[in-house]
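**Q** These are the residues of each chain, in order.
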Amino acid sequence: MEKTPVAELINVKKRIGKTTIIDDISLKVYPGEVFGFLGPNGAGKTTTIRMMVGLMDITEGEILIHNNSVEKNFEKAIAHIGGIIENPEMYKFLSGYDNLVHYARMAPEKVTKERILEVVKLVGLEKNIKNKVGSYSLGMRQRLGLAQALLHSPSLLILDEPTNGLDPAGIREIRNYIRKIAHEENLAVFVSSHLLAEMQRMCDQIGIIQNGKLISVESVGDFVGSCSKKNVRFQVSPISEAVKVLGAPYDSLITGQGDDYIDMTVSHEHIAEINKLLVLNDVDVYSIVTLQSTLEEKFLEITGGGQ
Amino acid sequence: MAKLLKLIQNENMKLYKRLGTWIMIGIIIIAVLGIGVFSKFFMDSGENTNWQQRLEAENLQLERQLEESPFQSAGEAYVTKQIAINNYRIDQDIPPLHSQSLWGFMIDTTNLTGIIALFAIVIAGGMVASEFSWGTIKLLLIRPVSRTKIILSKYITTILFALFSMVSLFLFSFLIGSVFFGLEGAEDPYLVYNEGEVRERNMISHIIGLIGFNSVDLLMMVTLAFMISTVFRSSSLAIGVSIFLLFTGPQVTQLLSSYDWAKYVLFANTNLQQYTNGTPLVEGMTMTFSIIVLLVYFILFTLTTWVVFKKRDVAA
Ligand SMILES: Nc1ncnc2c1ncn2[C@@H]1O[C@H](COP(=O)(O)OP(=O)(O)OP(=O)(O)O)[C@@H](O)[C@H]1O
Ligand SMILES: [Mg+2]
Numbered sequence: 001m002e003k004t005p006v007a008e009l010i011n012v013k014k015r016i017g018k019t020t021i022i023d024d025i026s027l028k029v030y031p032g033e034v035f036g037f038l039g040p041n042g043a044g045k046t047t048t049i050r051m052m053v054g055l056m057d058i059t060e061g062e063i064l065i066h067n068n069s070v071e072k073n074f075e076k077a078i079a080h081i082g083g084i085i086e087n088p089e090m091y092k093f094l095s096g097y098d099n100l101v102h103y104a105r106m107a108p109e110k111v112t113k114e115r116i117l118e119v120v121k122l123v124g125l126e127k128n129i130k131n132k133v134g135s136y137s138l139g140m141r142q143r144l145g146l147a148q149a150l151l152h153s154p155s156l157l158i159l160d161e162p163t164n165g166l167d168p169a170g171i172r173e174i175r176n177y178i179r180k181i182a183h184e185e186n187l188a189v190f191v192s193s194h195l196l197a198e199m200q201r202m203c204d205q206i207g208i209i210q211n212g213k214l215i216s217v218e219s220v221g222d223f224v225g226s227c228s229k230k231n232v233r234f235q236v237s238p239i240s241e242a243v244k245v246l247g248a249p250y251d252s253l254i255t256g257q258g259d260d261y262i263d264m265t266v267s268h269e270h271i272a273e274i275n276k277l278l279v280l281n282d283v284d285v286y287s288i289v290t291l292q293s294t295l296e297e298k299f300l301e302i303t304g305g306g307q
Numbered sequence: 001m002a003k004l005l006k007l008i009q010n011e012n013m014k015l016y017k018r019l020g021t022w023i024m025i026g027i028i029i030i031a032v033l034g035i036g037v038f039s040k041f042f043m044d045s046g047e048n049t050n051w052q053q054r055l056e057a058e059n060l061q062l063e064r065q066l067e068e069s070p071f072q073s074a075g076e077a078y079v080t081k082q083i084a085i086n087n088y089r090i091d092q093d094i095p096p097l098h099s100q101s102l103w104g105f106m107i108d109t110t111n112l113t114g115i116i117a118l119f120a121i122v123i124a125g126g127m128v129a130s131e132f133s134w135g136t137i138k139l140l141l142i143r144p145v146s147r148t149k150i151i152l153s154k155y156i157t158t159i160l161f162a163l164f165s166m167v168s169l170f171l172f173s174f175l176i177g178s179v180f181f182g183l184e185g186a187e188d189p190y191l192v193y194n195e196g197e198v199r200e201r202n203m204i205s206h207i208i209g210l211i212g213f214n215s216v217d218l219l220m221m222v223t224l225a226f227m228i229s230t231v232f233r234s235s236s237l238a239i240g241v242s243i244f245l246l247f248t249g250p251q252v253t254q255l256l257s258s259y260d261w262a263k264y265v266l267f268a269n270t271n272l273q274q275y276t277n278g279t280p281l282v283e284g285m286t287m288t289f290s291i292i293v294l295l296v297y298f299i300l301f302t303l304t305t306w307v308v309f310k311k312r313d314v315a316a
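Going line by line, the protein sequences match chains A and B.
Under my numbering, residue 307 is the last one in the first sequence; the count climbs by one each step, no gaps.
Under my numbering, residue 316 is the last one in the second sequence; the count climbs by one each step, no gaps.
Next up, chain B with everything else stripped away, as it sits in the complex (with noise of 0.2 Å):
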């Protein structure tokens, strides 16, 4: 344990006494900070002043479109919803989320977990492969340590980074957000509507929530970034896969959808919102289900990661 401590160290200091890293971490700061300076500088600030008219004019819209156009199920408990929603807004003045205030601003800063995944994703393809093209693996590997500790380290020093990322976008966002748009409105809840009742729930936790679904993507092909690495020992590889199904891998699953068995499909289950807040991809779906996959998966790229890694010849 202690030795895996050190490994852990090791690793840590060869990824954050590069230029690279830390390039991407001020790039997501840069991020945050821009998304603030264009909402609070180049956005409509009328918007929301009243918002109780527009509000009720969008309940009015709303409820003539569910008279005159029967829609699906799915499209009808999304209207439904929507204006429940909007009422309890207007009785109990709770105004809705709009991005020139601290959690609005919060959430719109939620989807830089994207950028997050891509750099993360860098990381993961360079670091079994980068040894090998530094030549530095061999000097590595001949210490009386065990090769399982060894990608053990590495594998979470790649996690850790994703973390530290994520924690980091969590708090600049926070500070960004209330020295931009202040505190104000900054204990309204977050409204959810749940068997034909509207409830109140925590704001940060559902922030933090937010920032945990986009994560399962992120752990996935973090970790298929990391199995190609050191299958292959190439990181441009493992980075161009991994990015490439990272964009195309849902919309193409969106594709296959109507086949049943889309739904073993990896990017079928990544996405769990679609239990919590919308329509699951294929019918039948469930939120068990998908962790269930996403579990096999896992184990089949950490499981391969691991054999690889310890079994092969190093002759780079």
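Isolated chain A (complex conformation) (with noise of 0.2 Å):
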């Protein structure tokens, strides 16, 4: 990619006390992609937001937004910035149209009443708005929460865990919004959650936070699946005829076996592959299941397993 990133955190570390709590993170943003921010609860995810938005110092390191350091320019680093920051809380006693228009009187331009409504019918907000926050479920409070970032237009949407307490059909919502507003108005999106299948279906990369070290950083891939590697487990008998067959070309994908199965990381189109090779050499195939993606392993890993 040739692309400049839009936020770039450079080797940024949190000490609060004696204890580190960020640990020499450095990862890039770029437009048109979602980042997700993985990790476990109390990995790190909230304190590496706050930084970003220049709500908490920073230790030791640096981060850029387009250019602009946060700590020495936050004025002109924050304005490209919309966030939300753990559960949107907003003036409960002010109607959702007035808690718009206060953030939308501090936007670094000027805000006009045709873009308060624009938003509002973006988020589907219009029947509520002029209802006190206070009536609002928490629902309709994470959609006012998403209107408020998106009031003046930011070129880095930042989102902790924006679907936290949503039903599953709002969750759908906001994850297709967030997906077409990433790729079509070229935005870039930064978005921490715990929930991996969520993550795996919103973004195009994914960051594993862990005690706050960054672990590692991934393409989630296409979404129809077929570049990402699976763990898939191959029923067959008789094994050692299998184990012969698969041996020479796939040796190196074989991750495990027992009496009647043999386990392999491949990639979509291999599954086909094998099968036939298997069935060609009068091995018998009873089943191929999918365990899990190498991305869900990792996370399970992390997180201690079970789900």
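No lab work stands behind these hints: they were computed from the structure.
Check before you lean on any hint, since a few could be wrong.
Unchecked claim - Derived Cβ-Cβ restraints for the label pairs, each shown as a range:
hint	chain 1	residue 1	chain 2	residue 2	range
1	B	Ser133	A	Glu126	28 to 38 Å
2	B	Leu160	A	Gly124	36 to 46 Å
3	B	Phe298	A	Ser137	28 to 38 Å
4	A	Glu126	B	Leu160	31 to 41 Å
5	B	Asn111	A	Glu71	31 to 41 Å
6	B	Tyr275	A	Lys13	54 to 64 Å
Note that beta-carbon positions come from the ideal geometry of N, C-alpha and C, so glycine has one too.
Two chains, two separate frames, one set of hints: put the complex together.
**A** Following this line, the structure appears as structure tokens:
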């Protein structure tokens, strides 16, 4: 990719007292890309996001937004960002609309009334926008949170667990919406979550964080799922014959074997090829089961398995 | 500057869209009305018809006191002043102030600045701390606006509330006073005794002056509450401490007045009327001294507020 990153974290560290909460994180977020920040509870997602939006000091390292340092050039850097940090708490005694007016007055450039109404429509809050936020459901507050983040047309959207508390329909809606604005309006989106499945459906890149360390960054690949690798279990008989047949061409892909099965890490099109090879060599194939994707495996390993 | 105005507009919207704020303003109005009703209908109205005789009798008594038991210098000055003013009233036919006249009523209601101070402290105490307890501070601070401007807009809004309440108090008590007691005697001056001579002063400027003197206390306590609210992010602590000090501070300082260092205590200096209309708490204190002490406290409070708000991590 030749694009320049919208956000860049360079060896970022955060210490509070003697404990290191964020330990040397570096990453880049590009326009048109949804970057998923995945980690178990207490991994340091919110802390990282707080540093990105200037709510917390950065102990070491640097965060750049369009090449403006968040610490040294806060107002320039933050002008590009729209965000939700943890739950989007709003003024309950104000209407949804007044809340948006409040944030519009603080925007880097003038936000017109039309723009406010446009965003309201975008998040589907037309019917309730004149009501007091105190009467909103959690889902409605999340939508208002999203509206507030989008008001000034930012080029980087930072969302901390945006689907927290939404019902399945709401989750799907927000997810689709996030993908749409990223890809159609070339927005960079940085979104955190502790739910892998959600991240896989929403993101182009996923970074896994644990105990304040960034463990890996991977592309999610195309959705239809052709290039990402999977763990697949082939139930076969006789097993010795199967190992012999597969051993030569696919040896490096075999990850384990049992009395009646072979586990392999393969890509989508490999599965059919392997099946054909087995059948042509008189090995009976009883089942082909996809276990977990590599990402899932990694994540489960971190979170201690079992979901 | 345009940004700061918009921030102040925001803070005002948040303040006046809350019911509590209007309840406070309602209480002030009801209190003015209550004092008016009480003075008009429940107070003895015969008190002022024979004021000439009453003042003459009072003067006789004061003069006897002066001869019989020598006062300390301060007491003597007070009695001399009282006698001179009483004589001036009798000579010039200017009746003394009483609660059943426009000016007397308005002077009575200036005591309500105490309630306004209380309310302003409650608002100051919530200004920063509430944003933390509501969780709204996060979305407030991730805007292209400096934290300095945000805290300034909050402080200005608090002071504007106090100012707005003071002006409402003044106008409303003028309105109630003139409706209940009429404009009779409205041209009566306020009398001051200065260097052996009685002088006439404009009554309105005297009343505004009274409100002004009471505001010094208010301003300092509001600024203190605002500081505690910012430093400890707890509105109950800010309100509790400030109101406690508002009520006990002056008394405690009075007890300490025999020590010389007591003159550096904030509360020894908030009552500037001690120089215009009384004796200084600790000997040797002057108006200039008090103003400097107040200024030092003010700068200390605001500087602490600013530094803490600007520096601190927002982890709430
Ligand atoms: N102000 C603080 N002082 C001390 N430790 C803190 C502070 N804030 C966060 N931590 C610690 O930092 C770690 C990371 O917290 P953080 O809120 O960033 O996690 P998270 O990834 O957002 O978790 P979750 O999924 O629960 O939201 C936690 O172990 C937490 O206890
Ligand atoms: Mg979190």
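**Q** Now tell me if each hint is right for this structure.
**A** Evaluated hints:
no.: 1; hint: Ser133(B) to Glu126(A): 28 to 38 Å; in the structure: holds, 31 Å
no.: 2; hint: Leu160(B) to Gly124(A): 36 to 46 Å; in the structure: holds, 38 Å
no.: 3; hint: Phe298(B) to Ser137(A): 28 to 38 Å; in the structure: violated, 46 Å
no.: 4; hint: Glu126(A) to Leu160(B): 31 to 41 Å; in the structure: holds, 35 Å
no.: 5; hint: Asn111(B) to Glu71(A): 31 to 41 Å; in the structure: violated, 51 Å
no.: 6; hint: Tyr275(B) to Lys13(A): 54 to 64 Å; in the structure: holds, 57 Å
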